[in-house]
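A.B. asks: Chain residues, written in single-letter form:
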Amino acid sequence: MSAATSTPSGSATAGRTLPLSEGSLLQRLLRGAITPGGAVFILLAVLFVAVVWVNPSFGEPPQLIRFIGRTAPIAIAAMGQYYVIVSGEFDLSMGAVIATQVVIAGNYIGQDESRVLPALALMLLIGAAVGVVNGLATTLLRVPSFIVTLGTMLALGGLVRYLTGGAATGNPVDSFRQIGRGGIEDVPVLDVLPYPVIILAVVAVASVLLMRSPFGRTLIAAGDNPDAAGLAGAHVWWVKTRAFMLSSLSATVAGILLVGYAGVHPSVGSGYEFQAITAVVLGGVVLGGGRGWVLSAAAGAFALELLFSFLNFQEVESTWRPTVQGLIIILAVAAGARAWSYGRRPSRTAESAPPAAPAASPTPARPGTETGEN
Amino acid sequence: MSATTDHTSPSAAEPREPRDSVRRRRAARPAGAARRLDSTGLIYLVLVGVIAISVVLTGMEGRNFFSQGNIWAVLTAMSVLGLIAIGQTLVILVGSLDLSVPYVVSLATVIAAGGMKGLDANIAAATFNALALCALVGLVMGLLVSLLHVHGFIASLGIGLVVSGYLGTNYQGSHGSAAPGLRLLGRSGIAGVIPTAFVILLVSALLVTLLLRYTRLGHHLYAIGGNQSVARMSGVRTALPVITAHVLCSVFAGIAALLLLSRTGVGSPTIGSQGRYDLLSIAAVVLGGTLLAGGKGSVIGTIGGVAIFAVLDNVMGVMQVNPFLKDFVRGFVIVLAVAVYARRSVVRRPPRFGASRPVLPVPSSKGDPA
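Chains as they are written, first to last, in full-length UniProt numbering: chain E, 1 to 374; chain C, 1 to 370.
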């Protein structure tokens with residue numbers, strides 16, 4: 001990244017820092033807000049104000065916390081999708097994984113209270129296994145992840161529908177459903193603190209810590225330029241495989257939560273992969289990898305759900321929802337298409353300077369060497 | 001253009017060291033025929049294998065794979081997905097993606113059927129309207145991708161959602177009715193073996209192949225898909241080819257919709273998403289050896305990929321496989337086939353800094369100042 005290493009203005013650590021990591025906390029926050037990853041939080045705030053305006057009761061803590069609980073599955077799925085997208089891949093198998101987990105929960109647990117914990121272990125194991133298959137097929141067999149995960153989506157989805165006959169089967173015990181449905185009662189302000197909110201908070205904190213760990217840094221590097229990351233000594237295949245595992249595990253968690261809300265049906269997760277990708281992109285994460293923040297992905301999911309709530313309160317016909325969703329995605333991405341440069345490149349004044357430098361350079365570099373005879 | 005030199009290097013790197021003039025001629029060839037023949041050959045080899053297995057399996061059911069009716073069924077099944085996949089090939093070659101095709105297909109059937117109202121006199125106008133609308137949708141997508149720099153995935157996903165919202169709001173259930181002339185087209189064919197729809201597919205494939213091989217636009221498509229920045233710095237206007245690819249893709253989806261309409265007889269706002277043409281067409285294109293990242297691939301390969309799907313579906317239909325299990329098999333085959341192909345193409349990529357790297361006339365002709 002030559003753009004990143006050139007200095008914006010005369011600062012103490014010249015040539016070392018990005019504009020984003022300079023100045024006081026307030027300056028950094030302001031600068032972060034104009035990147036797409038930060039802008040989604042502004043969008044979130046605007047949408048929230050709009051929804052509260054239309055329906056004041058939405059802003060009351062009990063209502064709000066229930067909304068967060070309802071949105072938790074898609075937010076968790078979006079954070080899982082984030083790992084894969086930021087490493088430069090896609091995961092289309094998410095919906096099928098959710099359907100698989102939901103059906104497993106319904107059929108394996110049944111009315112047997114003692115099977116809840118083994119079932120959870122089994123589901124997480126299957127989630128991890130799907131991720132490993134996706135990851136290894138992508139990295140070692142070098143099949144494009146779009147195709148691999150499309151294949152897993154068709155295969156898993158087909159298998160689940162075949163085994164269930166395409167109809168709702170099984171019904172897990174209530175104690176399992178409580179994970180998605182229930183919460184801690186009698187909390188002072190909130191009335192009820194749903195379990196999904198707690199799980200979401202845990203996942204969010206873990207994600208932030210993970211992205212700050214060496215794994216997270218390597219993941220972003222691998223998404224930005226896999227060749228460079230590989231040459232720098234990173235095990236790109238293993239890093240990407242772990243990203244796929246995280247994605248499938250997130251889908252598993254989302255599936256566990258969805259059992260509480262939606263019940264057991266092989267079509268529960270359908271469309272979740274595109275919802276999650278939409279949320280991630282709305283959060284300013286660049287398709288193709290290497291740019292974006294994990295919390296922005298979750299914020300994108302919330303923005304999307306707030307938008308739907310807004311449309312509901314406005315009594316827009318539900319059939320128009322896809323249209324509005326499509327327009328919003330395109331607008332958000334079009335607006336964000338070049339805005340990342342604010343955070344990653346020197347300011348405008350410094351940018352206008354470089355033309356002088358290339359003018360001088362051609363003399364040492366002979367044309368013959370440039371055409372690639374080395 | 002680096003894409004061109006990349007293509008030709010394997011042919012020139014053969015062990016028996018061709019003479020310099022031959023090497024020059026090979027390097028000057030517009031697109032690496034040798035390499036493409038390799039990958040396409042592999043696809044058709046897989047196709048032959050799939051057909052062989054199908055013949056056996058069909059025979060075990062006591063039926064003949066090569067019977068007149070079965071061939072007709074396979075070719076008919078190929079035609080719709082094939083036309084969509086041709087358009088998708090163009091879009092993928094230029095480095096974009098089109099997820100809106102199912103909705104464009106639905107839109108075109110509804111508009112065309114609504115315009116025809118079952119009368120032959122309305123065919124021309126309704127067809128024109130439907131295709132023009134498709135072209136408009138493609139144009140919007142192309143503009144979004146090329147001028148606003150929205151990723152093709154998002155632009156087409158968004159446009160697809162917009163169209164699906166329009167369809168869901170304005171059309172419930174089937175709509176309009178196809179003209180008798182169009183229905184006749186759906187039933188007509190050559191010698192009862194080759195449906196007219198398949199002839200349309202072949203002609204389209206031929207035209208697009210010619211476009212890709214012999215026109216400036218075609219070469220620009222490859223160049224932009226290979227590396228947009230390099231193409232732009234080499235003096236290619238990148239916006240026009242991207243827009244053209246998207247418009248052509250949507251128009252091909254529209255033609256496919258007309259073929260569907262000729263068979264179903266009524267326009268349906270959900271026919272496209274039921275067929276899952278977005279993902280299946282992309283899978284067929286990749287199965288046909290086109291790089292998902294763009295810049296390499298051919299329409300002939302895509303047709304091979306579509307044929308593999310069609311034969312597979314046909315034999316599963318004959319064996320009366322559970323429709324849900326079909327998806328399982330399909331997904332399995334996609335990954336397996338692409339794994340075989342992707343592995344090979346990686347191994348066969350010419351070494352960039354290897355000793356066997358051929359001396360191409362392009363750099364040396366520039367001369368050395370020293």
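Don't read these hints as lab results, they were simulated from the structure. Cβ atoms here follow ideal geometry from the backbone N, Cα and C, with glycine treated the same way. Each hint should be verified, as a subset may be incorrect.
As the list claims (entries may be wrong) - Computed Cβ-Cβ distance ranges for the label pairs, DEER-style:
1. C:PHE332 with E:PRO61: 30 to 38 Å
2. C:TRP72 with E:GLY165: 27 to 35 Å
3. C:PHE332 with E:PRO118: 50 to 58 Å
4. E:ALA167 with C:GLY173: 19 to 27 Å
5. C:ARG276 with E:LEU327: 46 to 54 Å
6. E:LEU136 with C:VAL230: 50 to 58 Å
7. C:GLY173 with E:TYR108: 37 to 45 Å
To be verified - Facing chain E, from chain C, some residues (calculated, C-beta under 10 Å):
8. LEU136
9. LEU139
10. GLY160
11. SER164
12. GLY168
13. ARG183
14. THR264
15. ILE282
A.B. asks: So which of the earlier hints does this model not fit?
C.D. replies: When the structure is compared with the hints, numbers 1, 3, 5, 6, 8, 9, 13 and 14 turn out to be violated.
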